[in-house]
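There are 2 protein chains.
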Amino acid sequence: MKRLFVAAVTTLGARASLPAAAQFQKPEDAIKYRQSAFTVMGNHVSRIGAMAAEKAPFDAKAAAESAHIVVTLSKLPFTAFGAGTDKGLPNRAKPEIWSQSAKFTAAADAMAVEVAKLEAAAKGGSLDAIKTAMGGVGKSCKSCHDDFRAEKYSAN
Amino acid sequence: MKRLFVAAVTTLGARASLPAAAQFQKPEDAIKYRQSAFTVMGNHVSRIGAMAAEKAPFDAKAAAESAHIVVTLSKLPFTAFGAGTDKGLPNRAKPEIWSQSAKFTAAADAMAVEVAKLEAAAKGGSLDAIKTAMGGVGKSCKSCHDDFRAEKYSAN
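For the record, the sequence lines run as chains A and B. In this text, residue positions in the first sequence follow my numbering: the first is 963, and each later residue adds one. In this text, residue positions in the second sequence follow my numbering: the first is 963, and each later residue adds one.
Just chain A, same shape as in the assembly (with noise of 0.2 Å):
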């Protein structure tokens, strides 16, 4: 997956011969892409995150399956924030993905390891190494939705 992680960093720094963005025909397939892809991953976070807090049962093997669907989803959408990809679906990526791309990249880069170490304590089976490893993945999702998603949806 570092491939795509490097093209993701390279479009995002406007150095790329052959930007991530080549992937989709129009804007809005990388929108739809990149939206599709938190879809899901926020949706899996979320069934580890219920356990963590203790409102769903613990069930190990769930929680090692959605830890690996997080992780490999989780490089998907940074390579669909190409240049241009800002409108052409309803969304809420803020202008700072672009003027901050940097800053963007380390969010991307953050996250990364979180959820890594959150695959590791869900593969060991352990519900306290998954709370441990929750809470630093919970940090990383709010801290880039602060910075970078907007409260309400574009108009386009």
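A hint or two may mislead.
A pair holds if it fits inside one copy or across any two, identical chains being indistinguishable in the list.
Stated by the list, open to error - With a straight-line cut-off of 35 Å between C-alpha atoms, the simulated DSBU-like cross-links for lysine-lysine are:
1) LYS1049 with LYS1023
2) LYS1065 with LYS1114
3) LYS1093 with LYS1065
4) LYS1023 with LYS988
5) LYS1065 with LYS1104
6) LYS1079 with LYS1023
7) LYS1101 with LYS1079
8) LYS988 with LYS1085
9) LYS988 with LYS1093
10) LYS1101 with LYS1056
11) LYS1104 with LYS1056
12) LYS1023 with LYS1101
13) LYS1104 with LYS1093
No lab work stands behind these hints: they were computed from the structure. If you're wondering where the values come from, they're calculated on a predicted model, not measured in any experiment.
Based on these hints, arrange chain B on the given structure of chain A.
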């Protein structure tokens, strides 16, 4: 991932003590989740398809990454067709998903077999093997879409 699949099967067969639909608070959550999973999966099938059709340069690493994403996502949508999820958001699910649930489940199982073959081929790094596997994947996609996906989105 087997557990998720079993959950889907039992939900569709209305024999579940803990239906997969319990993962979703509202029908619209299930619809958004399954559509999102299909969107990301379809994007990555298309990327491999473009290589197989020689419309994109063959990149063995990218193909293997995409195939892994496809396999990881392929099981997810079928956990989100629980009873009552035919409405809630505009969607293309035909009534046959529920009225012919055994056939729908068989189609999902057949697709799982084909994408597993695709991942094996992609891991092997042979474009010819990928072309062969993509033939099977394409047929299983089309067959299920023909039978269970409507041409147009529902009104809600």
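Structure-based check of all given hints:
no.: 1; hint: LYS1049 with LYS1023; result: between (39 Å within a copy, 31 Å between copies)
no.: 2; hint: LYS1065 with LYS1114; result: within (22 Å within a copy, 41 Å between copies)
no.: 3; hint: LYS1093 with LYS1065; result: within (27 Å within a copy, 40 Å between copies)
no.: 4; hint: LYS1023 with LYS988; result: between (38 Å within a copy, 24 Å between copies)
no.: 5; hint: LYS1065 with LYS1104; result: within (14 Å within a copy, 42 Å between copies)
no.: 6; hint: LYS1079 with LYS1023; result: both (16 Å within a copy, 24 Å between copies)
no.: 7; hint: LYS1101 with LYS1079; result: within (13 Å within a copy, 38 Å between copies)
no.: 8; hint: LYS988 with LYS1085; result: between (38 Å within a copy, 29 Å between copies)
no.: 9; hint: LYS988 with LYS1093; result: between (40 Å within a copy, 26 Å between copies)
no.: 10; hint: LYS1101 with LYS1056; result: within (19 Å within a copy, 40 Å between copies)
no.: 11; hint: LYS1104 with LYS1056; result: within (14 Å within a copy, 38 Å between copies)
no.: 12; hint: LYS1023 with LYS1101; result: both (24 Å within a copy, 32 Å between copies)
no.: 13; hint: LYS1104 with LYS1093; result: within (16 Å within a copy, 42 Å between copies)
Hint compliance for this structure: no hint is broken.
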